[in-house]
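These are the residues of each chain, in order.
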Amino acid sequence: MSTLKLTIDGVEVEVEQGSTVLQAARKAGIFIPSLCAHEELSPYGACRLCVVQIDGVRGTPTSCTTPATDGMVVHTDTEQLQIQRKRTLELMMSGHPSPCFSCDSREDCESVKKQPSRAGSATRCGTCSNRPICELRHVAMGNFERDIDLPLLYYPEKVERNDPFIDKDHNLCVLCGRCVRTCEKLHTNPAISIANRGKFAKVSSEFGKAWNEEECLFCGACVDECPTGCLTDRWSKWFGAPERAAETLCSMCPQHCKLILKIKDGKIIGTRAPSIKKEDAICAGGRFVFTQLVNTRTRLLRSQVKEGREQIPQGGEAAVKRVSEILENARGKILVIGSKSAYYETRKAMRALAKHFGAELVEMDYDASAADLPPDIVENINSGKYEAVLSFGNYLDEELASKAKGLIVADFVKTPAQNFAEVVLPVLIFGETAGSLFNAEGRKISVQASVKTSLEQRPMSGYIADILKPLDINLGEFDFEPEKLSSEFRSPAKYRDALPSYFLGHNLADYIPDLEKLGKKPSASKKSWKPAEGEGFEILENKTLVPNFHALKVKAPDIARHARAGQFAIIMAYRNSERSPFTLIDWNAEEGWVKFIIEEVGRSSAEIGALKAGDRLFVVSGPLGTPVDLSIFKPGQKVLLAGGCYGIGAIMPVARALAEKGVETTCVIEASSSYMLFFKKELKGVCKKLVLKTRDGTEGEKGGCSDYIAKEGASYDGVIAIGCVFMMGQCAKAAPADESKPALCALNPIMVDGTGMCGACRVSVGSETKFACVDGPFFDIRKVDFAELADRRNAYRLLEVEAMPRSLGCHK
Amino acid sequence: MAEEKVRKLKASGLPRLKMPEQNPLRRATNFEEVPYGVSLEMAMDEASRCLQCPKPRCMAACPVNIRIPEFIAEISKGDPKAAAEKLKMQTALPAVCGRVCPQESQCEGSCVLGLRGDPVAIGTLERFAADYVRLNNLEKLPDVEPSTGKKVAVIGCGPAGITAAADLAKAGHSVEIFEALHLPGGVLMYGIPQFRLPKEIVNYEVEQLKKLGVKIHLNYVIGKMETLDDLLEKFDAVFIGSGAGLPMFLNIPGENSVGVFSANEFLTRFNLMKAYDFPESGTTPVNAKNIITVGGGNVAMDASRTALRIGAKSTLVYRRAREQMPARAEEVHHAEQEGVVFNLLTNPKRVIADENGKVIGLECVKMELGEADSSGRKSVKEIPGSEFQIPCDAVVIAIGNRPNPLISMTAHGLNLTKKGTLECDPETLQTSIPSVFAGGDAVSGAATVISAMGQAKIAARSINKFLKGEPLKSENAATSAAGK
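Taken in order, these protein sequences are the chains called F and U.
Be aware that the first sequence starts at 1, since it is given in our numbering, and climbs by one per residue.
Be aware that the second sequence starts at 813, since it is given in our numbering, and climbs by one per residue.
One or more hints might be untrue.
[To be verified] Straight line, CA to CA, 25 Å or less: simulated DMTMM-like cross-link-like pairs of lysine to aspartate or glutamate:
1) Lys452/F x Asp1205/U
2) Lys1011/U x Glu1067/U
3) Lys414/F x Glu845/U
4) Lys264/F x Asp1166/U
5) Lys1101/U x Glu243/F
6) Lys113/F x Glu1167/U
Since the hints were derived computationally from the structure, they do not count as laboratory data.
All values derive from a computational prediction rather than experimental measurement.
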């Protein structure tokens, strides 16, 4: 192919004929910001960030759509281009929830909140799962000043969670079209396109139906190509950026697709296709099921050997020894059940094992379950023909397992049938162990182990090798011709109904609840955790104030009768929920209700937030905590109340109580942006003056409550600040130093019981340790160790990520 | 009868019954109960070993004065149902007591057989009889006296509250229990682990209590909702059995680091909140691989053994020697058997944390035993310069609890001792408010389930008299004399 030469920013570049200017610049190592451009996709020119100036060409063409020509002279970084790109980004940002970009405290805030908080919808970078990997953010940070000149056009649409595996937060979409183009490229019948025009344009399936009602194969490529947090993998999105990648082959079906594993902290947190070329396309199994299956909490970790009635964990060596004994004694009366999905080395070793011990070998199909075990084999097990049964996978149901003599099970998850086994061996599965498989063309491909695993888990072939080792068997004799991919084979990467239902005999829908939405039935119905009839506390109203914030009105006459300003209650949505504290913001003893602000920041709050009027909460326990000490303020005095996030609600009862006492209050409330401010009317009703602050300056003054405290705080007789740890920490620094004037905050650390029993909520205040639940929640803001509080609040972060998707997955 | 004689004869040569247990290697990986229980046959053999002393020392050593020889006699006759009925006369929770009582220092510790050999396995027999009627649905509700029209409030649904409520309900009073947590059982639910006391047993006993007509208000925090003063307006008497639920810490540097837990928090996460079932349960487990438990009592044993069961390496740090450990002998034995590493005569000095405030180690100092103090317990002192560090990723502090002040803080006229426990007449367990009685850890500070139950029985008796207008003391002295 012929080449041509052009000059970009004074650098001469030689590229192949047909290259675009953007490709040429990249080859020369010159950075041109871009979002919609993608190596594998046809030029689109939608985001208009990659504009350049070309000598002799009018205007500013997009470099991704402009073919490079010989002798072309290109400029990528002129003042005009900078202004134009900035305007383009601003336009993009005006529709994208972007207050974090323009916030003056962004760096400080993100140093305290090292990971975004796990909110229901992303209202800013700080609540967006993709903050660590967002391309838009990456591009904008290098090209953007903090001031925004255009009004925000954020329209809070609910995150769509009706589809399996994928969350869709359309507010974040910048209409770069990458998802749509990816879908078009990979699939003959693309499932999605951009519907509507202008402000209402959005990525959607036909008629806005759920994607699973359409052609969508849930290959996840759109998720992987989305440059923002609009399309996300519900299960893994909160894990953040992977640390490394590794290559492996999927063995859920004979296609054996190549997968790229995303690995973090020694854990597989996701997979993706190696590219968005048609031949690399994968299915929902490889993209979503794989990771969730590897990470299932019921993985077998220890080998067990039966002694008397008990299975006892004794370590792998003892287990193998016992297996050898059983096989030796049962020689000639042995059944070995394997799977075609096993690595070639395992299957070979199984053949050797079968030959040596005179065993009958049955190899189950990829998608087979216990029900597919040949009837004559079942009959033979039932009649006690075999003295030993060795099952590599879950191929014996409980009843059959109870009849099998000398049962040995090698598996990756715990099952009830294993209770009948003489020996249970924990095995590694795809991605975790080395071996080889055959690709669709029949070529043998070796894969490496990519993560470190628990001590006792081993590959299937490892166990067999140990059994065979003392027997001096030449494995080379057992090479065999693997099955060819049949011409009738329908790849799940092309046909959704071909998606496997079983792996090693396990019903995948038992482990991946989302598969139900793709028509896969779990073996047993799930336990209901809802409060029983007549139990619990009725929700009278659940109103979404602004995205992620709910005003929850609950019938709780006993609490309403005793509640006082500043107190909180512990809520459990379901029987299996955590006990989490929420501030009481309003109550009515006569009508017997109390009100809370629920801010969605994790599993528990998301569970509560998703309930509707008429539903019941399992527990509402309160009022707890010491009410704010009103006696420190005298009628006629002036007090400044500062509230951020849930604190906007939490200062309400304090303002009301002070007003009743004749104390004059000023309320200053802050939010990231105007669309996150709430309770303006309600607060105006109880305070003398209301000051609004937004971090992006879209309403009231730009900045936070601490700015107002720093400026005006000293003129008040006292300050009370309630909000997130970062906001209160800022207010602490701004609070008047004069200790004769009260300056308080209300803390909200992790609690378990909320009555002083566990001490989870302890905080350092001055030189003392206090329990926030009984000594607090109010403390002198100047004395609280906010850094320690932030660390303690983050104690369970990574674990909580694993709890997230389940709760969200079950909500509509 | 002949059969019984044969059994008796056989029994004279029998060794003490050893209850079959889960293999230590196995049980250290699960939350199932450690002992498997015994068969009727085994129980009858063991029961036959009892000498049926005319002046039973075991009974006098029992805090609730269970008629031990009588219930054992029923078992040896092969009638566990009758045995359970004898038990229920004195204890509302036989299945619990059989499992968690320190028998070696109570009934079994005073058994005459123990003087020359092994005492009768009274705890095992108690447990057997209670389990037998529960599992075979044979339990008969005890007789309830005709209604007295009097109302009694019981604060706390733990062992003391359940015992007092049962006795008061049987006496014909209308009883309402107020429990702060969302499940009844108190420490039996949040503190003692499943592997030592299955929660199904607690639930069953609570159901039995409800059948006696006792009403239980859950999620009801006295002191924050109704106060004691409010209760006194509505009830004729109040029993406080609120336990000792305020954890003590070491007050050493670094103790607020991420990964330092009170035993209460650590155990509550796994027991009450079932964190071992995470993420099916919403409460996060302690995700540590190397856990140090500080303390030498039953709670420390429970915590260190729970640590093993969540897959961690478990180390115990205790500042005195093994002989001074306040834990039940069996618990210490079980912990060691399962693989808890003991670091005795070792005292923590400082918690070491990384830059994110997360625990990475515990600095300790070696201790040596000194002279015995006035209580007979040997004092300990540091060996200077013997500081060393133990790496870990979590520390559980199990050095005791004080009573929670939520109730006393909001009550008028309720006097406390210097230790923060409720001031009571030791004989009648009447508090400084005449119609308020108390028992259990709220009175004695952190002690055992059975001593709480013993006190609750005494308090219930006092309440009975109080409600009848009888003098509390003179008769009480008479009954306790009769008991001896």
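Right, here's what the structure says about each hint:
1. Lys452/F x Asp1205/U: Holds: lysine 452/F and aspartate 1205/U sit about 20 Å apart, inside 25 Å.
2. Lys1011/U x Glu1067/U: Measuring from Cα to Cα gives roughly 31 Å; hence the hint is violated.
3. Lys414/F x Glu845/U: 20 Å, holds
4. Lys264/F x Asp1166/U: Cα-Cα ~20 Å, so holds.
5. Lys1101/U x Glu243/F: 22 Å, holds
6. Lys113/F x Glu1167/U: 15 Å, holds
Hint 2 from the earlier list is the only one contradicted by this structure; the remaining hints agree with it.
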